[in-house]
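All chains should be modelled from the sequences, with the hints used to inform the complete structure.
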Amino acid sequence: METEYTSMIEYTSMKECAAEAARVARGVDAARLPEPSGCGDWDVRTLVNHWVLYSAHGLEHRALRKQLPDELTTRDFTADTDWAEAYAAQLERAVAAWSGPQVWEGEIDLGFAKTPAPEIARLLVAELALHGWDVAHATGQMFRLPDDAARLLLDVVEANAEEYRRYDGFADAVPVPDDAPLFHRAVALSGRDPR
Numbered sequence: 006m007e008t009e010y011t012s013m014i015e016y017t018s019m020k021e022c023a024a025e026a027a028r029v030a031r032g033v034d035a036a037r038l039p040e041p042s043g044c045g046d047w048d049v050r051t052l053v054n055h056w057v058l059y060s061a062h063g064l065e066h067r068a069l070r071k072q073l074p075d076e077l078t079t080r081d082f083t084a085d086t087d088w089a090e091a092y093a094a095q096l097e098r099a100v101a102a103w104s105g106p107q108v109w110e111g112e113i114d115l116g117f118a119k120t121p122a123p124e125i126a127r128l129l130v131a132e133l134a135l136h137g138w139d140v141a142h143a144t145g146q147m148f149r150l151p152d153d154a155a156r157l158l159l160d161v162v163e164a165n166a167e168e169y170r171r172y173d174g175f176a177d178a179v180p181v182p183d184d185a186p187l188f189h190r191a192v193a194l195s196g197r198d199p200r
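Residue numbers (this note's numbering): 6 to 200.
Everything labelled a hint here was simulated from the structure, so no lab data went into it.
Since this is a predicted model, take the numbers as computed values, not measurements.
There is no bait here: all hints are sound.
Listed below are the simulated DMTMM-like cross-link pairs for lysine to aspartate or glutamate, each with C-alpha atoms no more than 20 Å apart in a straight line:
{"no.": "1", "residue 1": "K71", "residue 2": "E112"}
{"no.": "2", "residue 1": "K71", "residue 2": "E110"}
{"no.": "3", "residue 1": "K71", "residue 2": "E124"}
{"no.": "4", "residue 1": "K20", "residue 2": "D153"}
{"no.": "5", "residue 1": "K71", "residue 2": "D114"}
{"no.": "6", "residue 1": "K20", "residue 2": "D160"}
{"no.": "7", "residue 1": "K20", "residue 2": "E97"}
{"no.": "8", "residue 1": "K20", "residue 2": "E90"}
{"no.": "9", "residue 1": "K20", "residue 2": "D152"}
{"no.": "10", "residue 1": "K20", "residue 2": "E110"}
{"no.": "11", "residue 1": "K119", "residue 2": "E65"}
{"no.": "12", "residue 1": "K71", "residue 2": "E97"}
{"no.": "13", "residue 1": "K20", "residue 2": "E124"}
{"no.": "14", "residue 1": "K20", "residue 2": "E65"}
{"no.": "15", "residue 1": "K119", "residue 2": "E168"}
Across the chosen pairs, the derived CB separations fall in these ranges:
{"no.": "16", "residue 1": "D183", "residue 2": "Q72", "range": "37 to 47 Å"}
{"no.": "17", "residue 1": "D153", "residue 2": "E76", "range": "29 to 39 Å"}
{"no.": "18", "residue 1": "P39", "residue 2": "D87", "range": "12 to 22 Å"}
{"no.": "19", "residue 1": "P151", "residue 2": "P182", "range": "17 to 27 Å"}
{"no.": "20", "residue 1": "A91", "residue 2": "E40", "range": "17 to 27 Å"}
{"no.": "21", "residue 1": "D81", "residue 2": "A101", "range": "24 to 34 Å"}
Every residue gets a Cβ at the ideal spot worked out from N, C-alpha and C, and that includes glycine.
The following block contains the structure:
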């Protein structure tokens, strides 16, 4: 019963993150794509392409237990003028792929390890939210999450931050007040400055 309840929270958070990601994508001005993103040496175009690939296509492929095809991993999604609408539609398909209870059972083969499906879902929600925040920040927007989704994100970041830092996936944590909003705490712990 706890697994079913947890999956409901995770699925709701996934839907909320996807809706906010689609909103932010629609707000990206094409003129900003060549600009620095604030994520290492990536420009906004590179960041958006990474976000679209893993948070939408990756989200669906993991639910279907399929590997991402090579043609997607090298594609410039932003070359299409309607990329934001295509991203929103792909997010809908991806979220729908996680809607059945059986998808949350068993493990997902990552090619190098097998991981429980709920854990993969949590990591993908974090991918959606954190890179969604990156895109929003780089393009003069805000990324907002309800408290339950922000709590899930904070839990995922807390569980994985040290390992991600070892592989340069996260920068050092940014100090924030103890009473900072949950989403700001998650963003800061992942090495981003929510201010």
